[in-house]
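Asks: Here are the chains, one letter per residue:
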Amino acid sequence: MHPAKSVIFFTTASGAGYGLLFLLIAGDLLGLAPGGFWPAFTGYAVSYALITGGLLSSTFHLGHPERAWRALTQWRSSWLSREGVMAVLTFLPTGLYALHQLFFPERMPGITGVIGVIGAICCIVTVYCTAMIYASLKPVHAWSNRFVPAGYLLLSLMTGALVLNALFALFGPPSPVFLILALLSLIAALVWKISYWRFLDGTKSLSTPESATGLGEFGRVKLFEAPHTEANYLMKEMGFQIARKHAMKLRRITLTLAFVLPLLLTLLALFVGGSLAAAALILALLNAAIGIVTERWLFFAEARHTVGLYYGAAHA
Amino acid sequence: MTSLPKNPPKKKLGLVIDLDICVGCHACAVNCKEWNTGGHSAPLTDSDPYGADPTGVWFNRIHSFEVENDQTGGRTVHFPKSCLHCDDAPCVTVCPTGASYKREEDGIVLVNADHCIGCKLCSWACPYGAREYDEDAGVMKKCTLCVDKIYNPNLPEESRVPACVSTCPVGARSFGDLGDPESDVSRLVAKRGGYDLMPEQDCKPTNKYLPPRPKRTGAEGGSAAARLTPVADSSAGVLARWVDKFLSA
Numbered sequence: 001m002h003p004a005k006s007v008i009f010f011t012t013a014s015g016a017g018y019g020l021l022f023l024l025i026a027g028d029l030l031g032l033a034p035g036g037f038w039p040a041f042t043g044y045a046v047s048y049a050l051i052t053g054g055l056l057s058s059t060f061h062l063g064h065p066e067r068a069w070r071a072l073t074q075w076r077s078s079w080l081s082r083e084g085v086m087a088v089l090t091f092l093p094t095g096l097y098a099l100h101q102l103f104f105p106e107r108m109p110g111i112t113g114v115i116g117v118i119g120a121i122c123c124i125v126t127v128y129c130t131a132m133i134y135a136s137l138k139p140v141h142a143w144s145n146r147f148v149p150a151g152y153l154l155l156s157l158m159t160g161a162l163v164l165n166a167l168f169a170l171f172g173p174p175s176p177v178f179l180i181l182a183l184l185s186l187i188a189a190l191v192w193k194i195s196y197w198r199f200l201d202g203t204k205s206l207s208t209p210e211s212a213t214g215l216g217e218f219g220r221v222k223l224f225e226a227p228h229t230e231a232n233y234l235m236k237e238m239g240f241q242i243a244r245k246h247a248m249k250l251r252r253i254t255l256t257l258a259f260v261l262p263l264l265l266t267l268l269a270l271f272v273g274g275s276l277a278a279a280a281l282i283l284a285l286l287n288a289a290i291g292i293v294t295e296r297w298l299f300f301a302e303a304r305h306t307v308g309l310y311y312g313a314a315h316a
Numbered sequence: 001m002t003s004l005p006k007n008p009p010k011k012k013l014g015l016v017i018d019l020d021i022c023v024g025c026h027a028c029a030v031n032c033k034e035w036n037t038g039g040h041s042a043p044l045t046d047s048d049p050y051g052a053d054p055t056g057v058w059f060n061r062i063h064s065f066e067v068e069n070d071q072t073g074g075r076t077v078h079f080p081k082s083c084l085h086c087d088d089a090p091c092v093t094v095c096p097t098g099a100s101y102k103r104e105e106d107g108i109v110l111v112n113a114d115h116c117i118g119c120k121l122c123s124w125a126c127p128y129g130a131r132e133y134d135e136d137a138g139v140m141k142k143c144t145l146c147v148d149k150i151y152n153p154n155l156p157e158e159s160r161v162p163a164c165v166s167t168c169p170v171g172a173r174s175f176g177d178l179g180d181p182e183s184d185v186s187r188l189v190a191k192r193g194g195y196d197l198m199p200e201q202d203c204k205p206t207n208k209y210l211p212p213r214p215k216r217t218g219a220e221g222g223s224a225a226a227r228l229t230p231v232a233d234s235s236a237g238v239l240a241r242w243v244d245k246f247l248s249a
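Chains as they are written, first to last, in full-length UniProt numbering: chain A, 1 to 316; chain B, 1 to 249.
If you're looking for bench data, these hints aren't it; they were derived computationally from the structure. Source: prediction; values computed, not measured. Treat the hints with care, as some may be off.
[What the hints assert, rightly or not] Sample of chain A residues with no beta-carbon within 12 angstroms of chain B, all distances over it, derived:
{"no.": "1", "residue": "S195"}
{"no.": "2", "residue": "F199"}
{"no.": "3", "residue": "I242"}
{"no.": "4", "residue": "A243"}
{"no.": "5", "residue": "N287"}
[To be verified] With a straight-line cut-off of 27 angstroms between C-alpha atoms, the simulated DSSO-like cross-links for lysine-lysine are:
{"no.": "6", "chain 1": "B", "residue 1": "K33", "chain 2": "B", "residue 2": "K11"}
{"no.": "7", "chain 1": "A", "residue 1": "K138", "chain 2": "A", "residue 2": "K204"}
{"no.": "8", "chain 1": "A", "residue 1": "K138", "chain 2": "B", "residue 2": "K204"}
{"no.": "9", "chain 1": "B", "residue 1": "K33", "chain 2": "A", "residue 2": "K236"}
{"no.": "10", "chain 1": "B", "residue 1": "K215", "chain 2": "A", "residue 2": "K222"}
Virtual Cβ for every residue (Gly too), placed ideally from N, Cα, C.
One chain only, chain B, in its complex shape:
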């Protein structure tokens, strides 16, 4: 059934991505590919992987943006993007076959590859570009939130998080129930002012992004330029002044 669940899911599993921490190392994208090419939507086909024009299915991609500001100067923000598992997922309602669906128990949006006809309409309906067509299999694929990992009883408890979360070397990604206001992820979103991407598209995404913190200016030991000025002044010792004089010559 491609209608959204009659009872909106109370549990809303999703990701919180901290743009202040992300260093753009692409490890989450690589581990996503690694896990999912053997998982629920396997394989994540690559065409011409070692040739001149390699292309393939990836569920997670890391963009880097430059934010220009005449007053505060520019900054670079690394921006991982995968399926946002929206409450009002248009990719689900446009599906003509019922292959695209949202789970009532946890809100995860999945594709039933046995029913997908590969019409690609869901990829047109998603404003975020979360869907990935597999030319080889002729079906649409997408982030499963590692549904085959997060509920896997064969894995130790601490490993039952999406591959992108477990691999992030800097802890920029958190996973949890965003439907529960008391959960760690919900508290984090509230504390840091987490936001939705493109709220004007009315998809009500579950995944949230945490904004970069304001740039530090002046305080805490001064700016980088200030820290690089010579340390020696008249109050320095004889040796230090002599070295300073020698080096300044």
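Bound conformation, chain A alone:
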């Protein structure tokens, strides 16, 4: 599948934004977040910037961005529509909670807690909807499996925790609870990513050139002649292929930058204090940002679509 820059930025940025927003609210509800106005204010500002930036970027690849509002209408059947509706809805409870926490911290009525819980759940549901846009596409075997929703949720939590730790380190000593949470989510995401790749390398779509043409009973089916000499929309959009040696190299880059280095740097921050810890956490975030963009690029580039079977692919 063609890895569109706008969609890579959307899924990674808004994923981190929702993870951060979830952790800010959950942290405050459980009394784990550091006190004070500025850490919380910066946290909410960054999370909304990431979410809004991601959502806006996702409209850049549309043929008609001015009609994007129509995408909120078909939530009964479409995961993309559900994602849009949830993204808009999530602003409401999370925004209310953030305003309360920032400006009326001493006068938080009981209902605020309920709004906070609803907001935190909305963050999870929105990320789940994003993942289901891909996981619901049966023709793409690499996406249509249970690894994908789990991965989107884990990576959202992981990147959110890395942003949170880097931000809070600017204001004071890092909170051990969030450092440990980041470590746990990094380990879980690393295990998930390795399992996903092992799954991907050992599996093939049910569809074959034989089932695509229905000619299997006569023998092995190979493309003899393409319908035309030049590439068409389908081949450019769905037929994107990446050389296997590059894929392996990019997988190693992903593992190192997205998981292993942030893991070591966060571990370092747990044991040292002061500005060294802050520097380690910021470095962890920068590494993870490049790593996660590579991860998402591969998520698209390594995925094969059944339409390739009509254009000479041996499997999908």
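Keeping the supplied structure of chain A fixed, place chain B upon it in accordance with the hints.
Replies: Quick look at chain B alone, frame taken from chain A:
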């Protein structure tokens, strides 16, 4: 509404494509382009049509496949492919705007170009690659089953079939109601063992393909190689034997 019709269409208009007959001449694709560039989804934009890298919107494309078999030898099968107007069309349900829809009255899957935002998700959801994005118009386009031709009262009755069907020089394409088991197309499918493409994708396509007939072997005057052996033998006339001798020298 992008949900599929509440009452599954009883009438299911679609195509039956005979892979035994198709000669791969691409006439159906050309006439499709010709009709539809002035029809419901007009224009079917081409970019750089006379340049080095021409590309454009086509609703119908003709692939050619080689089928290898160690026992029976290989064969070439020409394979036209356009939208299959599926019963469970995933391109319809994934559409976030309601632009992609399936008609309750005849099962035709269409795009409302005024509502399409050009997100391309329907083209990802279709396992067959039936959707074609128009870069120029910023909307998705697809085979309309010539909805503007098959119901057109200004055309003579016999012309009210999709452009690909009316133009096929060898009669490899049939059009009709596949929801009616008594229709000509349904009978043809039953008689010839018509099948669905990629049934494992669970889209329940309406269009059906008829398999190539088995290769003829030996009978009916023998194989091509046998027919090419010299005809003259001892029972032939004097002149024929003399010619044979002369030519064999």
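Asks: K33(B) and K11(B) were given as a pair; does the straight-line alpha-carbon distance stay at or below 27 angstroms?
Replies: holds (26 angstroms)
Asks: Is it correct that the beta-carbon of A243(A) has no partner in chain B closer than or equal to 12 angstroms?
Replies: holds (22 angstroms)
Asks: Take a quick look at I242(A) and tell me if its Cβ sits farther than 12 angstroms from every Cβ on chain B, holds or violated.
Replies: holds (18 angstroms)
Asks: Would you check the hint for K33(B) and K236(A), treating anything up to 27 angstroms between C-alpha atoms as holding?
Replies: holds (21 angstroms)
Asks: Could you check that no beta carbon of chain B comes within 12 angstroms of the beta carbon of N287(A)?
Replies: holds (31 angstroms)
Asks: Given the hinted pair K138(A) and K204(B), is their alpha-carbon gap at most 27 angstroms?
Replies: Measuring from Cα to Cα gives roughly 14 angstroms; hence the hint holds.
Asks: Please verify whether K215(B) and K222(A) have alpha carbons no more than 27 angstroms apart.
Replies: holds (19 angstroms)
Asks: Just double-check S195(A) for me: nearest Cβ-Cβ distance to chain B has to come out over 12 angstroms.
Replies: Given that every Cβ of chain B is farther than 12 angstroms from that of S195(A), nearest at about 24 angstroms, it holds.
Asks: If I take the minimum Cβ distance from F199(A) to any residue of chain B, is it greater than 12 angstroms?
Replies: holds (19 angstroms)
Asks: Given the hinted pair K138(A) and K204(A), is their alpha-carbon gap at most 27 angstroms?
Replies: Roughly 13 angstroms separates the two Cα atoms, so the pair holds.
Against the hints set out earlier in the document, no violation occurs for any number.
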